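Number of protein chains: 2
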Amino acid sequence: MNTVNLVIVGATGAVGKEILNILKERNFPINKLRLCATSRSAGTEIEFQGHKYLVEETTPDSFNGMDVALFAGGKASLEFGKAAVERGCVVIDNSSNYRMDPEVPLVVPEVNPEDVKKHKGIIANPNCSTIIMVVALKPLHDAAGIKRVVVSTYQAVSGAGKEGIEELTEQVKATLDGREYPPNKFAHQIAFNLIPHIDVFQEMDYTKEEWKMVKETQKIMHDDNIKITATTVRVPIYRSHSESINIETEEKITADQAREILANAPGIIVQDDVTNKVYPMPLFTSDRDEVFVGRIREDNTIDKGLNLWVVGDQIRKGAATNAVQIAELVLKYDSLMKKE
Amino acid sequence: MNTVNLVIVGATGAVGKEILNILKERNFPINKLRLCATSRSAGTEIEFQGHKYLVEETTPDSFNGMDVALFAGGKASLEFGKAAVERGCVVIDNSSNYRMDPEVPLVVPEVNPEDVKKHKGIIANPNCSTIIMVVALKPLHDAAGIKRVVVSTYQAVSGAGKEGIEELTEQVKATLDGREYPPNKFAHQIAFNLIPHIDVFQEMDYTKEEWKMVKETQKIMHDDNIKITATTVRVPIYRSHSESINIETEEKITADQAREILANAPGIIVQDDVTNKVYPMPLFTSDRDEVFVGRIREDNTIDKGLNLWVVGDQIRKGAATNAVQIAELVLKYDSLMKKE
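Chains as they are written, first to last, in full-length UniProt numbering: chain L, 1 to 340; chain B, 1 to 340.
Just so you know, these hints were derived from the structure itself, not from any lab.
The model shown is predicted, which means the values in this text are computed figures rather than measured ones.
Any given hint might turn out to be false.
The list treats identical chains as interchangeable, and a pair is accepted whether it falls inside one copy or across any two copies.
Unchecked claim - Below, in silico cross-link-like pairs of lysine-lysine (DSBU-like), each with a Cα-Cα straight-line distance of 35 Å or less: (1) 147 <-> 208; (2) 147 <-> 162; (3) 227 <-> 147; (4) 75 <-> 277; (5) 332 <-> 277; (6) 304 <-> 173; (7) 120 <-> 277; (8) 277 <-> 227; (9) 304 <-> 277; (10) 32 <-> 277.
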């Protein structure tokens, strides 16, 4: 493959649209492009690089003659993923359907790019909160060995898609006008409120979102000895997830050392100049592909620990950008294989 | 004292007004009431229990013949606190001016009520985030011995007073209308944003707010061995602070045991029924005097640890209610002393 026949499944959703933006920005070498969605969204026209594309309803035949299929999320990959693989497509799946399948690599290109080579047709894109966290953790793990992570998240409503964004806007307006606007997408009112509940509750009363941060991180980092405990919280902001992360390490690492390591790591921008009130904030990290790290402090309670404040655009690096980066790796390794 | 001659200094601010509400609700035995404020607010009329009170400018003579002075916050207690004490007043101070003074008890009535007896004229009311946290920690510390706390906060704008509330409202409206509304009270835009910065930066790049949670907790709990590390964050909600708290204990304590201990503790309401989507949320804990605890889970990374989600109205329990409760203790111990 020097240029790619590419299918996007779920092209009309928030992540699908962002994938198109990123393909354009990164000048991804597309030969043929096919945009698919459910029957409800089929028929929509989408413009991409001067061409108009009619969105088609996804069927097994959507993958005939195609090289790579980017699944934006949801149940589509359960229904069509295997059909795509059978037709010779490499599937890059943003849903959680295959992430913990031992046959499926779970990849963050800054962390475990080589895992792409092991794929058997499907490569999974991790959960958004997990991606943002592991980009920041990996260089510190390499330098000092992370033993334990305590993380609390502050997650934007766009993690729940377009309806999440609309619900926040309309509910904020209604609240300011003194009107009721009952919750629909979220379990409770999100306007001027916090909801400590993302995805369904599972074992030990942790949510699925919280377990994803535990299990996906261990899989991506190839290290089940990294212990992670998480509390995930929805906050009334539009975009970018923030995470307050406390880590314990095997080796001592100072705040200055951590800043230097992180500043030199791929995909990270350090914003940590408190004298000038510089630290990452979701409003200013949206539409960016990097993970932003600040408030880097030695933990005052233990000898070998750090506190970090990490923010990233969960639709870009937390989903679309990471998926396109995986597609680039597929292309790169495929070309390398052809040369060998 | 069976009834009290009471001065409120800072009666026109958010905390001052809430103190008046709480005095009324709790039927505090007032003989004579005097409302004071800065010259800017003097002259305002405030109604209380059917009477109109003219707000006076605070002077040393404001305390003549008075028994208890409730200082709502700010610098007033530095200027007039000692003058009040010299005139025989017991000062209950909501500011941070005297909190770490070894001569001044720092009191949360559910935690260390007896410390009131040791006062030499001034009793300090702790920081709002600290009060909310220690009410939840104390019963668990008694049961299992808390060794270490990792806390991340989600703090409402009303922690920054009336201007904080107004800035959020006006900035949200402007943002929805596509207009600019530059930050004034906060360091950056708070509408649809998070600011990981409350109060000034101090040693080790922790904020003063973060150090308050460390040092005040140790003082209130009479235990410098409890290690606390904090990250404090401003969130775009109006009222009630939330805290994601991870604790390590000396003794094993199960989630069920913790729920039972907390449910039987004073000043706490356990809201922890995830099957029915019941957990504390700031929108529904405002105007309440209790501290709400939910998302109680055993820590999956260590043998003896818990995660908690704790929410409380920082203007009521985090400030005004706690101050009035201290005044009630002053009254109670004074009556007991007279009987002895």
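Hint-by-hint comparison with the structure:
no. : hint        : in the structure
1   : 147 <-> 208 : both (22 Å within a copy, 29 Å between copies)
2   : 147 <-> 162 : neither (37 Å within a copy, 44 Å between copies)
3   : 227 <-> 147 : both (6 Å within a copy, 19 Å between copies)
4   : 75 <-> 277  : between (43 Å within a copy, 24 Å between copies)
5   : 332 <-> 277 : neither (41 Å within a copy, 46 Å between copies)
6   : 304 <-> 173 : neither (46 Å within a copy, 45 Å between copies)
7   : 120 <-> 277 : neither (47 Å within a copy, 39 Å between copies)
8   : 277 <-> 227 : both (32 Å within a copy, 27 Å between copies)
9   : 304 <-> 277 : within (26 Å within a copy, 37 Å between copies)
10  : 32 <-> 277  : neither (47 Å within a copy, 46 Å between copies)
The earlier numbered hints that this structure contradicts are 2, 5, 6, 7 and 10.
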